[in-house]
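J.: Spelled out, the chains give:
2 protein chains.
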Amino acid sequence: MITLDLTLPDTRYPIHIGQQLLGRADLLLPHIKHKKVALISNTTVAPLYLANLRQALENQGINVIPIVLPDGEDFKTWETLNQIFDALLQHRCERNTTLIALGGGVIGDMVGFAAACYQRGAPFIQIPTTLLAQVDSSVGGKTAINHPLGKNMIGVFYQPRVVVADMDLLDSLPERELSAGLAEVIKYGLLGNLAFLGWLEQNMEALRAKDKQALSYAVQTSCAMKADIVSQDEKEHGVRALLNLGHTFGHAIEAGLGFGTWLHGEAVGAGMLLAAETSRLLGNLSEADVQRVKAILEQAGLPTISPDLGVATWLELMSHDKKVSDGEIRFVLLQTLGQAQVATVPQDVLQQVLTGRFISKA
Amino acid sequence: MITLDLTLPDTRYPIHIGQQLLGRADLLLPHIKHKKVALISNTTVAPLYLANLRQALENQGINVIPIVLPDGEDFKTWETLNQIFDALLQHRCERNTTLIALGGGVIGDMVGFAAACYQRGAPFIQIPTTLLAQVDSSVGGKTAINHPLGKNMIGVFYQPRVVVADMDLLDSLPERELSAGLAEVIKYGLLGNLAFLGWLEQNMEALRAKDKQALSYAVQTSCAMKADIVSQDEKEHGVRALLNLGHTFGHAIEAGLGFGTWLHGEAVGAGMLLAAETSRLLGNLSEADVQRVKAILEQAGLPTISPDLGVATWLELMSHDKKVSDGEIRFVLLQTLGQAQVATVPQDVLQQVLTGRFISKA
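From first to last, the protein sequence lines stand for chains P and X. According to UniProt numbering, the stretch in the first sequence is residues 1 to 362, in order. According to UniProt numbering, the stretch in the second sequence is residues 1 to 362, in order.
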């Protein structure tokens with residue numbers, strides 16, 4: 001196990017990465033104030049891992065209240081969030097009761113938001129069970145639910161007390177979800193670490209075969225980069241926006257097709273290629289760079305052709321992006337491969353990208 | 001106009017108190033980043049004041065989006081909150097769009113919560129239009145909505161950029177609501193300022209006649225005390241809990257009768273008398289002290305007899321209080337008149353209070 005440390009102005013917390021960590025109550029106990037936790041998971045993950053974790057905590061004399069939610073991005077709504085509040089109140093959970101998120105990004109985002117709002121702030125713990133959640137959403141304190149007009153529109157910044165990323169939990173991860181997680185891993189290479197991109201190109205086969213050593217290295221590298229960026233800019237006033245590479249296009253794909261049609265990671269992957277193509281048209285990337293982005297996405301088993309939403313719909317959906325400022329959509333683009341920047345894009349270039357070679361021809 | 005300053009670890013903001021402030025766009029402009037604001041009010045307040053404020057802002061070239069919500073504590077729900085989010089997204093409000101709360105405590109709490117959650121945090125301004133909101137809810141950053149199982153159960157701490165308390169807006173305040181606000185004013189005297197309690201006893205008639213000088217002094221004194229306490233303990237880990245004098249009983253009255261049946265201030269007033277009676281039974285207050293509390297509430301036109309919810313229902317409702325810790329209800333009681341403390345109460349004493357002389361006999 002290795003432990004990274006995320007230090008912020010008001011708090012700091014450990015991110016434990018390794019194997020056989022799910023039964024390790026000792027990693028959680030220092031962060032549980034009262035002898036009561038709400039253990040929140042979904043119908044897919046709960047049958048696999050909830051009983052183990054529950055037993056480990058109950059062995060330490062902790063009262064565990066399990067809350068099992070429906071699975072999927074289309075349940076990342078107020079209605080599901082309210083199921084958490086209902087259960088917490090029915091079980092008389094207090095504002096010092098710790099909430100544990102056991103699941104992927106949707107569970108992590110919702111439990112974090114629920115913890116932030118329950119009695120104005122209960123402690124919470126992230127135990128991510130997907131690669132995507134391990135490398136991205138469980139770290140950094142972004143919590144949210146979706147709104148029909150935009151993804152993650154309703155949420156707050158709220159940090160967990162500890163993150164435990166157990167590679168063993170990825171054994172049960174479907175191939176498609178593994179690929180989706182790899183999109184966010186690739187993102188870190190593209191936006192700030194060209195050497196890591198090279199490592200990924202060399203090790204993609206091992207990653208897709210769930211080689212634990214390779215996965216662990218990929219998660220560590222990703223989390224270390226994320227922790228570094230978040231510690232500089234917790235609330236995304238500046239550099240943190242770079243972590244949104246591929247997300248402006250990606251969120252539009254998710255919302256345009258209906259949340260849950262494409263996985264978040266798939267949409268981000270295709271979105272990163274659109275961002276790369278945009279960067280090429282602006283003169284910053286070469287054709288070879290764009291092909292390299294396309295190739296690594298294909299290696300990861302990710303789609304590279306985005307759906308044809310129609311330019312008007314693309315623009316409408318992207319106009320709800322949280323980076324919009326004074327009415328202008330701001331994109332995370334590539335200055336060079338391995339270095340991202342935030343920029344606006346001229347209308348004609350956008351038009352070209354959104355009708356171009358990486359958009360599906362009906 | 002006088003200006004108080006609330007200083008917190010991460011932020012500070014002014015609280016302007018005086019007359020003829022609603023048209024003073026100059027008080028708001030330094031806190032509006034973009035030339036766009038969402039001006040959120042309710043069906044009662046909007047016809048009285050929205051147009052004036054809107055005009056004052058539009059004269060400064062600001063694009064004002066009015067959002068008018070239904071009025072009342074029973075609308076302090078997720079459904080109403082979602083009306084705000086819908087409107088913000090439909091009008092393409094950005095995360096730098098300022099939300100202005102123009103209304104009483106319900107509007108202030110909901111707009112604050114909406115601002116905290118909209119795109120993970122938009123700036124907001126409080127313009128309280130009731131005495132209760134001016135002396136209590138608009139200052140200190142507590143935001144929330146109600147849950148059927150408990151008042152203000154879902155919310156966050158989120159501070160406004162500026163608070164503008166204009167005494168002129170109280171001209172339209174119904175007598176019953178003025179009295180409800182006076183309950184929170186009396187609270188400051190009881191919990192920490194005996195001299196102020198004496199002043200209130202002398203000046204209650206002027207306050208109820210809406211004498212602007214008297215109101216302004218009461219609001220200043222209340223806000224100064226609140227600002228002092230909040231600056232010591234923003235997130236209620238300690239001393240801030242004292243501001244909850246009367247609220248554990250009061251919230252139970254509100255929830256037990258259905259939100260909106262008693263006004264919040266009425267419930268807090270009656271709850272303070274129950275807290276005083278509890279304090280007497282514990283040997284801390286004299287009978288004369290309790291009578292003095294009862295008398296000032298009566299002077300303010302407030303009810304002093306609480307509804308008979310039944311002991312079991314009282315306990316059930318109070319067990320959801322946010323101050324509950326390790327299953328024990330913690331009350332704010334009076335150590336002496338003018339000094340509050342947090343304490344637990346033996347079951348037999350609680351039983352006696354909840355069936356005693358300040359509970360309605362059917």
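One should not assume that every hint holds.
The list treats identical chains as one, so a pair stands whether inside a single copy or across any two.
[Claimed, not checked] Taking lysine-lysine pairs in the DSBU-like style, the calculated list, with each CA pair at most 35 Å apart, reads:
(1) Lys210 to Lys235
(2) Lys36 to Lys235
(3) Lys361 to Lys36
(4) Lys361 to Lys33
(5) Lys361 to Lys35
(6) Lys323 to Lys235
(7) Lys235 to Lys35
(8) Lys294 to Lys235
(9) Lys294 to Lys35
(10) Lys36 to Lys212
(11) Lys212 to Lys361
(12) Lys235 to Lys33
(13) Lys36 to Lys323
(14) Lys294 to Lys33
(15) Lys35 to Lys212
(16) Lys212 to Lys235
(17) Lys36 to Lys294
(18) Lys235 to Lys361
(19) Lys33 to Lys212
(20) Lys361 to Lys210
(21) Lys294 to Lys212
For the record, the hints were derived by calculation from the structure and aren't laboratory data.
J.: Take the hints in turn and mark each one as holding or not.
T.: Tested hints:
no.	hint	result
1	Lys210 to Lys235	within (33 Å within a copy, 44 Å between copies)
2	Lys36 to Lys235	both (30 Å within a copy, 22 Å between copies)
3	Lys361 to Lys36	neither (54 Å within a copy, 39 Å between copies)
4	Lys361 to Lys33	neither (56 Å within a copy, 42 Å between copies)
5	Lys361 to Lys35	neither (57 Å within a copy, 40 Å between copies)
6	Lys323 to Lys235	both (12 Å within a copy, 29 Å between copies)
7	Lys235 to Lys35	both (32 Å within a copy, 22 Å between copies)
8	Lys294 to Lys235	within (31 Å within a copy, 48 Å between copies)
9	Lys294 to Lys35	neither (50 Å within a copy, 41 Å between copies)
10	Lys36 to Lys212	within (33 Å within a copy, 51 Å between copies)
11	Lys212 to Lys361	neither (39 Å within a copy, 70 Å between copies)
12	Lys235 to Lys33	both (26 Å within a copy, 17 Å between copies)
13	Lys36 to Lys323	between (39 Å within a copy, 16 Å between copies)
14	Lys294 to Lys33	neither (47 Å within a copy, 40 Å between copies)
15	Lys35 to Lys212	within (33 Å within a copy, 52 Å between copies)
16	Lys212 to Lys235	within (32 Å within a copy, 42 Å between copies)
17	Lys36 to Lys294	neither (48 Å within a copy, 40 Å between copies)
18	Lys235 to Lys361	neither (39 Å within a copy, 54 Å between copies)
19	Lys33 to Lys212	within (32 Å within a copy, 48 Å between copies)
20	Lys361 to Lys210	within (34 Å within a copy, 70 Å between copies)
21	Lys294 to Lys212	within (25 Å within a copy, 70 Å between copies)
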